[in-house]
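Number of protein chains: 2
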Amino acid sequence: MRAGVFDSGIGGLTVVKSLLEDKLFEHIVYFGDTARVPYGIKDKNTIIRYSLEALEFFKNFDLDIIIIACNSVSAYALDELRANTNIPVVGVIQSGVKALQNKNIPKNSNILVIGTNATIKSNQYQFFLQKQGYKNIISIATPLFVPLVEESILDGDILEATFRHYFKDIKNIDVVILGCTHFPLIQDKISLFLNNANTIHSGDAIVEYLKYNYNCYGKFKETKIEFFASSNPSSLKNIAKKWLKKEDI
Amino acid sequence: MRAGVFDSGIGGLTVVKSLLEDKLFEHIVYFGDTARVPYGIKDKNTIIRYSLEALEFFKNFDLDIIIIACNSVSAYALDELRANTNIPVVGVIQSGVKALQNKNIPKNSNILVIGTNATIKSNQYQFFLQKQGYKNIISIATPLFVPLVEESILDGDILEATFRHYFKDIKNIDVVILGCTHFPLIQDKISLFLNNANTIHSGDAIVEYLKYNYNCYGKFKETKIEFFASSNPSSLKNIAKKWLKKEDI
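So the sequences go chain by chain: A and B. Under this note's numbering, the first residue of the first sequence carries the number 1, and numbering increases by one thereafter. Under this note's numbering, the first residue of the second sequence carries the number 1, and numbering increases by one thereafter.
All clues given are correct.
If several chains are the same, the list does not tell them apart, and a pair holds so long as it fits within one copy or across any two.
Think about it this way: if two alpha-carbon atoms lie no more than 30 Å apart in a straight line, the pair counts; the simulated DSSO-like pairs of lysine-lysine are: (1) K242 x K168; (2) K121 x K241; (3) K245 x K44; (4) K245 x K211; (5) K237 x K44; (6) K44 x K59; (7) K219 x K103; (8) K168 x K189.
Think of the hints as simulated: they come from the structure by calculation, not from any bench.
Generate the whole structure from the sequences, applying the supplied hints.
See below:
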């Protein structure tokens, strides 16, 4: 199987990492819109417009499925993307919510959803969680985590102060949904700050989702990956080498 | 006189504020490329490409001058912009350096230049400072100040920790050049952290520069401003009302 993976920038590499670990695909085409990142501060119409442009790009390849790694795109543009292609388009929000069921998280758990402004404002996580019977949901936009991760600030004073800023009124959380592909890089620190709350990681969640819903099983010996970016592709490739611990990119 | 003011997003409003205070223009057309902000993390070719698109937009107006409020655009795209229009295009870097002379800053002063990754990497401030005889120059990219200002984090623990992060090895600074239009909003805090160093503000610097080089004198009773944005113009207008303390926008 051949998959296109779309993200606003580099964050989607955390999803690619999960896809590689489970060897789900024979070939992955990654496109990061690095010229126009971040999407999380943009409005709905702009996110839809840019996502449809990315879809046009993917039409140059013979793909079986398109995976939307970006939460902001998953929140706003899935319907429009699906209306403009015949192959399946899968986002990270429904799969993230599904992961709670797979982990048998009780319906009365206290759930914290964190993400960019766009993702939180869309209310999509909250909508699907409620549909699954979860009621105790708090959602907070934590946009500063994105530049912190991009600046490789993965621990220390700034991150601690930012945790205190966003989480000052947050107590007794059982599960944190990491609603942005940048957040897995500070997943352990977030969990620790919130008294070892469980975390839901978009990449791991979508692997499970693809297995059960699209018959993707880890059967390929090796995955060929091609990286494309709307600006500075060599920088994307360098980060991919580091994050994926893969030299031949 | 009628001026176009171009910025990658909202930061250029700090320049507009200075232009309004000195009543330099009869009419200002502001364009913020809010759909594609920030520019400071983009590469040179992308910044040039987007700047030329903004120039095309300004051609819809009968303008006398175009002011590039964005330091990253001033660093990379001035030559290309000038080659594509007959009206003057003025950036904030040369005017910022000129401000040191206007303030009679001694040539042996210790100067710190801070800005986005793109601006610092361009070496433009350093080049013009050296040309003016300044030799003791330190430059640091401080990209996190941009999202902090955008999130209205203008004091407190996160900002202090970020100062310690960027300025841990910085001592005895006489003058700080604020090489990004977001930074005037934390100007006092930066100065205080660096033992009350002098600060150079792009907006104030360009007002002086326009007066001396382009015969702009504060003679207009009122300035009409029009705001345009590539995404979410109402959000830009709301921030403009707040920053410029002006209700009729």
